Amino acid sequence: MSETTPSPTGQPAAPGAAAPSAPTAPTAREERQEVLLSVRGVRKIYPSAAGPVEAVRDLTFDVRRGELACIVGPSGAGKTTLLKIIAGLLEPTSGQVILEGEPVSGPPRTMAVVFQEYGRSLFPWLTVRGNVELPLKNARVPAAERARRIDEALEAVGLAHAHRRYPWQLSGGMQQRVAIARAVAYEPHILLMDEPFAAVDAQTRADLEDLVRDIWHRLGVTVLFVTHDIDESVYLGERVIILSSSPTVVQEDVHIDLPDERSQLETRSTKQFADLRHHIYEQIQLAKAGIVPAQIAAGVTQKEV
Amino acid sequence: MRALRSVFYVVALPAALVALWWLLTLGSDSFWVPRPGELVSTFREVWIGPRFMDDVVPSLTRLAVGLVLAIALGILGGLAIGSSRVLRRLSEPVLEFFRAIPPPVLVPILMVLVGVNDTMKVLVIVSGAVWPVLLNTIEGVRGIDEVLSDTAKSYGIHGTSRITMLTLPAASPNFMTGIRQALSIGLILMVISEMFASSSGLGFTIVQFQRSFAVTEMWSGIVLLGLIGVLLAGIYSFVERRVLRWYHGLKEVEQSE
Ligand SMILES: Nc1ncnc2c1ncn2[C@@H]1O[C@H](COP(=O)(O)OP(=O)(O)OP(=O)(O)O)[C@@H](O)[C@H]1O
Ligand SMILES: [Mg+2]
Numbered sequence: 001m002s003e004t005t006p007s008p009t010g011q012p013a014a015p016g017a018a019a020p021s022a023p024t025a026p027t028a029r030e031e032r033q034e035v036l037l038s039v040r041g042v043r044k045i046y047p048s049a050a051g052p053v054e055a056v057r058d059l060t061f062d063v064r065r066g067e068l069a070c071i072v073g074p075s076g077a078g079k080t081t082l083l084k085i086i087a088g089l090l091e092p093t094s095g096q097v098i099l100e101g102e103p104v105s106g107p108p109r110t111m112a113v114v115f116q117e118y119g120r121s122l123f124p125w126l127t128v129r130g131n132v133e134l135p136l137k138n139a140r141v142p143a144a145e146r147a148r149r150i151d152e153a154l155e156a157v158g159l160a161h162a163h164r165r166y167p168w169q170l171s172g173g174m175q176q177r178v179a180i181a182r183a184v185a186y187e188p189h190i191l192l193m194d195e196p197f198a199a200v201d202a203q204t205r206a207d208l209e210d211l212v213r214d215i216w217h218r219l220g221v222t223v224l225f226v227t228h229d230i231d232e233s234v235y236l237g238e239r240v241i242i243l244s245s246s247p248t249v250v251q252e253d254v255h256i257d258l259p260d261e262r263s264q265l266e267t268r269s270t271k272q273f274a275d276l277r278h279h280i281y282e283q284i285q286l287a288k289a290g291i292v293p294a295q296i297a298a299g300v301t302q303k304e305v
Numbered sequence: 001m002r003a004l005r006s007v008f009y010v011v012a013l014p015a016a017l018v019a020l021w022w023l024l025t026l027g028s029d030s031f032w033v034p035r036p037g038e039l040v041s042t043f044r045e046v047w048i049g050p051r052f053m054d055d056v057v058p059s060l061t062r063l064a065v066g067l068v069l070a071i072a073l074g075i076l077g078g079l080a081i082g083s084s085r086v087l088r089r090l091s092e093p094v095l096e097f098f099r100a101i102p103p104p105v106l107v108p109i110l111m112v113l114v115g116v117n118d119t120m121k122v123l124v125i126v127s128g129a130v131w132p133v134l135l136n137t138i139e140g141v142r143g144i145d146e147v148l149s150d151t152a153k154s155y156g157i158h159g160t161s162r163i164t165m166l167t168l169p170a171a172s173p174n175f176m177t178g179i180r181q182a183l184s185i186g187l188i189l190m191v192i193s194e195m196f197a198s199s200s201g202l203g204f205t206i207v208q209f210q211r212s213f214a215v216t217e218m219w220s221g222i223v224l225l226g227l228i229g230v231l232l233a234g235i236y237s238f239v240e241r242r243v244l245r246w247y248h249g250l251k252e253v254e255q256s257e
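As you go down the protein sequences, you meet chains D and E in turn. Be aware that the first sequence starts at 1, since it is given in UniProt numbering, and climbs by one per residue. Be aware that the second sequence starts at 1, since it is given in UniProt numbering, and climbs by one per residue.
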């Protein structure tokens, strides 16, 4: 609980949301450069009955404030493990995660997580409204403020009509919207999402992808989005971090230079999209075959020495 | 129409059983089995009067106190044991041991230790009724979904908030099952605790009737016990419907999938 100031709710990277120590307010551009999340040499070895399992070998990358970064990797690459470590739910075996200058040692107040298993991450004894409200109640947000944030968040995810329903009365896509609304109402600086749409049908999935872009645009929140779907990572991200298969390192960090305005129909049929998709697909195939690009492999060996 | 139908379902079988009983005892003049009419008038004579205040109310009070204590202890203990792996592993064999002891055998021990008084009787009720609540609560706390638990953690819900916002509601289907079992165990132990070295209470009165061959009076006491059981079940399901409305809804959805 290092910081409790709410995130800016205006445009992305709104000036004035800067660190208070900055002598002059940085411009939006400068602020985009500011590193929000820093993953430093994170390694995770699970002790297990059948011997230790090295899920993550050595991961290092930065996420800047206001960025929408996707992490792709083959199944079992350690994506969930990484996310749990970033979220302060799991201790890394070695290495460190730094959020807004503070090492993460427990769940940070300025972070919200959306899990893949929406059916298991909503509180079944609470209504939709109750679910969105719970973290705010726990954070002792005053009632009037709470009501405003809940209304806005549910409005934003298109569930303004469903306040009094229970999660189990809703479809999968709607349940995941509730989980997103809950995260949004919490006003985090960074939103972690672990394959949030892996279990919903294709149409719902497209809608939810657009919802994530929309929320990211409107709130200026930093988003780290984990997926195993290459298309999804290219469509959503400004940047795609490709993970190798386990034991995991960063395979490649790809900048997605698609225009900011994206549409399911147009964007996905551009040549640029196809090229990026092709490139990432290739890298993942290499990753699966255990071939790591030379410079990274060299980097890893250096660190290991 | 629907109300009428549900009343029918509640009343039909008891009515049929009473009718059967009435038919079977029509010609007989058995000393051991009274006729329905007889029983009703005896019931009124015996229980609606001073005996209600002298025997029934104290018994029910002890039952209520015993049940409340057992439920509170069971839930609190279950939360503590269920939340801690160390406590769980430490307590497992001990719990099995104590649970295996039939509470009636504690009556003589408690009589010696505590004396023959209300405390002893309440303790007998607690000693039997606490187990289903405790064990079910442990089970419920242990079974909390990992994703739900991670969600709560990631939103900074820990300590007492975690207990009230996550653990208690998540374990409520389990401890409600435990409470239901505790009610019937409590009623049995209420009677048993009064059968030894006692001078008042429902159990005492029934044994007293039996020893003095007041058979119809004895039967009326048994009927009263049955009615108390029905009353307890009624209160339980009233509360349960409210507390676990979400759970029944959830189950219904899961089953229809
Ligand atoms: N608690 C655990 N104990 C032991 N091994 C584990 C544990 N959790 C995960 N693993 C192992 O660590 C590796 C990475 O798992 P993780 O769930 O992080 O992968 P993932 O990339 O999220 O996979 P998926 O795409 O299937 O979600 C896997 O080999 C898995 O078997
Ligand atoms: Mg995963």
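Just so you know, these hints were derived from the structure itself, not from any lab. Careful, some of the hints might be misleading.
[As the list claims (entries may be wrong)] Per the computed footprint, the stretches of chain D lying under chain E, defined by three or more beta-carbons under 8 Å from a beta-carbon of chain E, are:
hint	stretch
1	83-97
2	104-111
3	161-169
[To be verified] The list that follows gives simulated cross-link-like pairs (lysine-lysine, BS3-like), each with its CA atoms no further than 30 Å apart:
hint	chain 1	residue 1	chain 2	residue 2
4	E	Lys-153	D	Lys-137
5	D	Lys-271	D	Lys-288
6	E	Lys-153	E	Lys-251
7	E	Lys-251	D	Lys-137
Because the structure is a prediction, the values reported are computed rather than measured. Where is the CB? At the ideal position from N, CA and C, for every residue including glycine.
Going through the hints against the structure:
no.	hint	result
1	83-97	holds (count 4)
2	104-111	holds (count 3)
3	161-169	holds (count 3)
4	E:Lys-153 with D:Lys-137	holds, 14 Å
5	D:Lys-271 with D:Lys-288	holds, 26 Å
6	E:Lys-153 with E:Lys-251	holds, 26 Å
7	E:Lys-251 with D:Lys-137	holds, 28 Å
Checked against the numbered hints given earlier, this structure breaks none of them.
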